[in-house]
Amino acid sequence: MTDGRRDPDELLKQVEEEERRAKRGKLVIFFGAAPGVGKTYAMLEAARSERDLKRDVVIGVVETHGRYDTGALVIGLEMLPRRKEQHRGVTVEEFDLDAALKRKPGLILMDELAHTNGPGSRHAKRWQDVEELLDASIDVYTTLNVQHIESLNDVVAQVTGVIVRETVPDQVLEEATEVRLIDLPPDELIERLGDGKVYVPDQAAHAINNFFRKGNLIALRELALRRTAERVDAQMRLYKTEHGIQRVWPTGERILVGVSPSPASAQLVRATRRMAGSLHAQWIAAYVETTASLRLSEKDRQRVAENLRLAEQLGAEIVTLSGQSAAQETLRYARSHNVTKIVIGKPTHPRWKDIFAPSFLEEMVRGSGGMDVYAISGDDGDGRPIESRDRPLPAPTLAVGTYGAGLVAALLATAVSWFTFGQKQLADVVMVYLLGIIVVAMRFGFGPSMVAAILSVACVDFFFVPPYFSFAVSDFQHVVTFGVMLVVAAVISSLTQRIRDQASAARSREQRTASLYAMTRELAVTRAASNLSAVAASHLHEVFDATVAILLPVAASSGPQASPDAAPPAHAAEGRLTNAATGSFAFSPDEKEVGVIEWVWSHDKPAGLGTDTLPSSNALYEPLRGMRGRVGVLGVSPTDRHRFVDPDQRAMLRVFATQIASALERARLAEEAQQAQLQMQAERLRSALLSSVSHDLRTPLAVITGAASAITQKDATLSVEAREDLAETIHEEAQRLNRLVRNLLDMTKITAGAIKVAKEWQPLEGVVGAVLGRMEEQLAGWQVKATLPPDLPAVPIDAVLVEQVLINVLENATKYTPKGSLIELSARQEGSSVIVEVADRGPGIPPEHLEKIFEKFYRLPREREGDGAGLGLAICRGIVEAHGGKMWASNREGGGAVFRFTIPIEGTPPTIAAEEAR
Amino acid sequence: MTDLTVLLIEDEPQMRRFLRGSLATTGYKLVEAATGTEGLAAAAAHPPDVILLDLGLPDIDGLEVTRRLREWTKAPIIILSARGQDQDKVAALDAGADDYLTKPFSLPELMARIRVAVRHASDAGGKDDSVFTFGELKVDLAARLVTRGGEDVRLTPIEYKLLATLVRSGGRVMTYQQLLKDVWGLRYASQKQYLHVYVGHLRNKLERDPTRPRFLLTEPGVGYRFKVE
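Those sequence lines, one after another, are chains A and B.
All letters in the first sequence, in the order written, are residues 69 to 986 by the working numbering.
All letters in the second sequence, in the order written, are residues 39 to 267 by the working numbering.
Watch out, some of these pointers could steer you wrong.
In silico lysine-lysine, DSS-like type, Cα no more than 27 Å apart, as pairs [claimed, not checked]:
1. LYS673(A) to LYS660(A)
2. LYS824(A) to LYS141(B)
3. LYS230(B) to LYS824(A)
Not close to chain B: a few residues of chain A, all C-beta gaps over 10 Å, as computed [claimed, not checked]:
4. ASP77
5. GLU161
6. LYS172
7. ASP255
8. ALA339
9. GLU740
10. GLU828
The hints are simulated quantities; they were obtained by calculation from the structure and are not laboratory data.
Note that the Cβ used here is the ideal one computed from N, Cα and C, for glycine as well.
Assemble the whole structure, with the sequences as input and the hints as a guide.
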């Protein structure tokens, strides 16, 4: 690597990246330190010069704020009409994304990138609209102020005291094709402000004096300049990599930030993002679920979720770990993932607490080994969850009854002690009480066991410590005993409680794993895509308490299509999507939902409930992505709409989705493989057919042509006999040709599985009779003996097909046996089937060919060419097998071959109403 | 029996050529039509004594032609079908066609079918024979008597009814449906096993060798035929 040559993988990645970028529209951000520096003006000017170069420029959104000079620039540019939406009686005008995509200009102007869209919009934020425009290969010009950048958000808040709610992820800025810094010295800006040239939104009016202080403006300007410089720096590095000058990512830094429910945790996350940005390091946001976190309040859980989501938005990989100690678990993860730096919050708890247990910070620092630990100040919190009692202890049914258990335990211990030890052996008595406390702690938890402890102390005092039957204590020694007893009880109780918590945490973890495992196992044994969908739907329903839709492109799903009441097919980029999940766990997306599904399918990103894209829909839609690309879309509509706010649940759903996608993909691949197999077989048959056709059809055709030409010759002096003989030859050859074609057609039908067996109960006699009647001419030269016992039962057969079998076998016999020899046809019942036999006295079949003669296009070596395509017996076997029977050949004693086939007598023959004889 | 008009509705020119040449020597007058529409028009213009109808016509399918012809003419219709058209063939027979021939067929076969059809048509018009004799077999429909080689054959009522139906058809094929409806009644139209069993009984009683029937022939997939020639 040091020789400047570049890793091929990286090169490939770069090429792919370039390709993606080439397809995407170009994003130009007009970047400024504060409102009023002239971003919109600069953007409009740039757009006008683009228009003068004959580019198709359209204004998506531009806020002129009534300023004359800016407004003047708008004139002459096409303006996209806005979408009007009634919201609580107020008409809200918003940018119309769909109209823009439909209009598809070369360049669109989108002022104020950080804008939050009104209700009814597809995306929550304007930058998401911009992303979609870029994806549609539309170039975008936009404006952005430094305080709106996500990772700088809190810095700006610290500097200016104004908290900005509308933020744009850093990634948008980083992926912009161009960032143009619009710079204006603070003095000039203040002057413009004084002249009323700067528009200040109403809601910020109160902050105007704060915000536009010179100090602030300088700080903001510095931030903006620095951010731009960072970008330029990054470009420089990129240039260097692209030209193999130097590798920029060898630092291999990896930063981990500990996330907690503390509100300050968001600051930690942002700080880490900045650190990771300047180090060009990967970063991970980790949250440790300890036993204590099981007792977190709903609000705290929410906050953890928000913090993790923020980290994810800022580009972190997020992980949720679980274990007993947050510090140990974090360190373990950090070590196993080669983390080089760990960022945690500064402790804020009182110092004395450290006496009892090492603080999180101390544990981290001691255990960090080769890793650097950064403790960054937060307003409160120390990376440990704030314990709160908003949420009841696990097993909320404790209530009064369980506390009663404490009382019962104390009384029981008193009784046992009283009758066993009497009042003298205080040490033994205390032991008995402790036993009671332990039992209560184990069974009912911390609270009841503490009740038991206090009551126990009271009882010991009352019954066993002189003066008896009084709470007074005569000896100070006993006070110490009580103290020790209480402490021991408390320790035991808390230890037991911890074990209980751990067990319940393990249980819930196990439940999750088990549910995933259960689904994976069932998916593994399911084949068809439609069944897979049903299995997936039932498991998702169970785990997430939700109804499910699994939308697959029509071509990918096999077997029965979704029922007619399922989703109307969505016309997506490639083919149609149909809901493959049916049954009580499935829901059918309506028109509106279908729009969301299409979006998810074509953008390969989640949308719907709980996301920023189209959050008003009733279900969350996750793309199903397999190893070889997208497979479909998974829709989950939970009973509780807030379920997927929890990133844990989202993450779990994603794991489920991955499993489902890979199962579906597997099914699809298997199907494709099977198709290929079938195709190969068909191909092989076709080639055999072709060679057979060319050989076997030509001979009779040649004979017919020759004979016919002889007859029709004008000047021929053929005798009448010769003429008749030729005509006879033509007739015979034509019949042979007919047989050949019939066999070929039958074989094709059998191979294609197109053969339909229409079984009817009938006596075999009729079939045999029909065959012998039809073959009367052919069999004229042989002695044919048919023996059918009169009590032969009726058999369920397709007469037409079984006739075909008999005809083929008899034809075969006439081919190989000398004229005048005996051909015996017989049938008999054996068990639950009828065996039909055709035996001859010909030369027999060489033993090694007994099985091969049933293969397609197989002919005995001595067979003359043109005697048949070698299909007759293959057809027979195909027909017999279609009836559920078997067919085989063997040699007879005394010479000759015998062909046997069985017809199973399945089911009961329909009853024939009896009729009295006349 | 000459000067009969045969209407051939067939789209294959070679097939028409073969029949034109063959029928010319037998004294039939041949009217040709290449499509169903032409055929229907020709049938009206030259009322034929027999109609030979190919099932695979380019414009109207053979079944429909049969139906339209049957709306106004009783002229016997013989279906010419290729292999693999069994369903259509049976449907056409049920719709009123009299008989069928599977391609390829020989001229003698065709002539036999035409003769049977014509004879049956003329029978239906006038005299009502009540005694049929086929070799050693004699069926007296008036006396309800069946003898074989002079000996009485005892038949059950249904056996007799089945035999009578077949004998009356005069050598033409009878589909399963037609037989079941005529002998057992509409309710039994799909109970083919009755037919198989009773035909078996009849063969045992009437045929010299039941495994090689001479009179009660099976037409695979279509029905039964009582052979008269």
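Evaluation of the provided hints:
1. LYS673(A) to LYS660(A): With a Cα-Cα distance of about 17 Å, the restraint between LYS673(A) and LYS660(A) holds, given a limit of 27 Å.
2. LYS824(A) to LYS141(B): Distance ~22 Å between LYS824(A) and LYS141(B) Cα, so the pair holds.
3. LYS230(B) to LYS824(A): OK: LYS230(B) and LYS824(A) at ~18 Å, within 27 Å.
4. ASP77: 60 Å, holds
5. GLU161: With a cut-off of 10 Å, GLU161(A) remains clear of chain B, as the shortest Cβ separation is near 64 Å.
6. LYS172: 50 Å, holds
7. ASP255: 93 Å, holds
8. ALA339: The claim stands: ALA339(A) keeps its Cβ more than 10 Å from every Cβ of chain B (closest is about 80 Å).
9. GLU740: Label holds. Min Cβ-Cβ 32 Å, cutoff 10 Å.
10. GLU828: Label violated. Min Cβ-Cβ 5 Å, cutoff 10 Å.
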